[in-house]
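K.L.:
From first to last, the protein sequence lines stand for chains P and G.
Using this note's numbering, you'd call the opening residue of the first sequence number 6 and step up by one each time.
Using this note's numbering, you'd call the opening residue of the second sequence number 409 and step up by one each time.
Hints were generated in silico from the structure; no laboratory data involved.
Honestly, I wouldn't trust all of these hints.
Straight-line distance between alpha carbons at most 20 Å, and here's what the computed EDC-like set of lysine to aspartate or glutamate pairs gives [stated by the list, open to error]:
#1 G:598 with P:17
#2 G:633 with P:122
#3 P:186 with P:170
#4 G:643 with P:122
#5 G:410 with P:171
#6 G:543 with P:45
#7 P:167 with G:411
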Amino acid sequence: MTYRNRIQTSVELIGAYILAGFWILPLLYAFWAAFHSSSDAMHFDIFSPLTLDNFREAWSQAPFARFSLNTFLLVSFILPGQLLISTLAAYAFVRFKFTGANVAFALVLVQLMITPEILIVQNYVTLSKLSLVDTISGMGLPYIASAFCIFLLRQAFKSIPKELEDAAELEGCGTMSILWKVYVPLATPTYIAFSLVSVSHHWNNFLWPLIISNSVETRPLTVGLGIFAAPESGVEWSILSAATLMSVAPLLIAFLIFQKQFVQSFMQAGIK
Amino acid sequence: MKDSTRNIQGWLLFTPAAILLLAFTHYPTITTFFQSLYTNKSILRPRRFSGVEAYESMFSDPIFWKVFVNNMWLALGTIPTSIGIAILMALIVNKAIPGRGFLRMAYFTPTMLPMIAVANIWLFFYAPDIGLIDKVLEIFGFEGNNWLGDPSTVLPSIIVMTVWKEAGLFMVFYLAGLQTISPELEEASKLEGSSRWNYFWRIQFPLLLPTTLFVLINAFLNSFKLVDHLFVLTKGGPDNASNLILYYIYETAFSFLDISYASALTIFLLALLALTALAQFFFLDRRTHYR
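The shape of chain P in the complex, shown without the other chains (with noise of 0.2 Å):
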């Protein structure tokens, strides 16, 4: 390496850190100030004493842990009946190739651009009518049949050879366990990219879940936060940090350890 080509490598790789500096210093700042007291906070007095005061008034101020329930709760419902309802979908879609599939596949893709965050008005409407305003099942619900998790199944699906296939039907595999057995374990990649791009995004869903409900019983994280930081209710910095610290330290933690996975899988969702 040339001494021109050296000095070019090290100021990138300042430049880079730099970068990296600008994108993580938001929420060390975050994670300092969660730990000071909120006059400590403001006046950067980085080595005054830490303290879980924030936590514990965040904690008593508003039901993080019902929130955080709900939250789980939300997810749990949600990804298990997109998984479900898409695999057979698609499985209608690549195997069956019944009449009419071309324009069903179409009405399935329109989905990708209409998406339940923008019907808010109509799906409330729906929803009350269905007396499912305020439960959890009401705030999944418009979320269950996914055009994306089909999109990406019917993908993975159509990869499989056929050879497979007929060689499950002639040990005597029935539609169903054909299913089960070649397509499922086939599809796995793609079966934990799209969970792990849907548990993020409904972890972190917000305008839908606030409109559905109105109860302590029923919010999750993001609303149970958003109400609490709103600014008529007038919430010290460091209380406001640790509050927002607890929401988000489930889904960081699984990313922080799973770092690979996550990236990967937001990739290979955005590839198809």
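With chain P fixed as given, assemble chain G onto it according to the hints.
P.N.:
Below, chain G without anything else, positioned relative to chain P:
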């Protein structure tokens, strides 16, 4: 397999998805359209057919134009910048440099946070006088500003925050794109003695065009779908300076209870998104022809 069995089994398997999609995508789209053609029902008056009245009042509503223009500025302000930063990030992380794992994590982490949490964090940076930005400005002897309270700075402030939040996600798509470029191309260009800059503009950037198109359209759609931060930061204010279409729909329907007008606004937004999605379909189709 017999045709009839194939049809019956296929439709049976598709039915659960079909019912849910019809109930929560197609049916509400149609009812939204019809709602927009009728006046609101009240205790005093039953609803009546009003034709395109709601659309007429939409096009003469200054707030509608304001939120629409805001949305366009938001798209224009966030998309090119975040694409530029995302490409830079992807180029950095794609090379074997020390601390690559850490850098990738740093760039991507904001993507994993809910917009509400991001808004909470940035709220403090933008706070007048006590906020981080004003404090830093003070050190250098500059005047502070009420960033979110000033109509001329509120949208740029939100744009900066959105770029911070979204660049990491786009980086991932570019990373995927870069990995499909054969390493031989880089070696060849090195042998030819061409500069890195040249290699990027002549080889990498053109080969990444499909990725750029994909990111462009998705970022555009996102800028209309994501309004969560407004609930914490500004509530669309001051004087609608940061208001966006979807937030205006939310306000119209759930605060002003004007379902008819909210439906007309929704139809407008749907038409806009449909046009964009069709453009995507058209371009992506062309892309497959090239291959």
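K.L.:
Would you check the hint for residue 186 of chain P and residue 170 of chain P, treating anything up to 20 Å between C-alpha atoms as holding?
P.N.:
holds (10 Å)
K.L.:
Can the restraint linking residue 598 of chain G and residue 17 of chain P be considered satisfied, given a maximum Cα separation of 20 Å?
P.N.:
holds (18 Å)
K.L.:
Are the Cα positions of residue 643 of chain G and residue 122 of chain P separated by 20 Å at most?
P.N.:
holds (18 Å)
K.L.:
When you check the alpha-carbon spacing of residue 543 of chain G and residue 45 of chain P, does it fall within 20 Å?
P.N.:
Cα-Cα ~14 Å, so holds.
K.L.:
With a cut-off of 20 Å on the C-alpha distance, tell me whether residue 633 of chain G and residue 122 of chain P pass.
P.N.:
holds (7 Å)
K.L.:
Does residue 411 of chain G sit within 20 Å of residue 167 of chain P, going by the straight-line distance between their CA atoms?
P.N.:
holds (18 Å)
K.L.:
Within a Cα-Cα threshold of 20 Å, do residue 410 of chain G and residue 171 of chain P meet the stated pairing?
P.N.:
Roughly 16 Å separates the two Cα atoms, so the pair holds.
Of the numbered hints stated above, none is contradicted by the structure.
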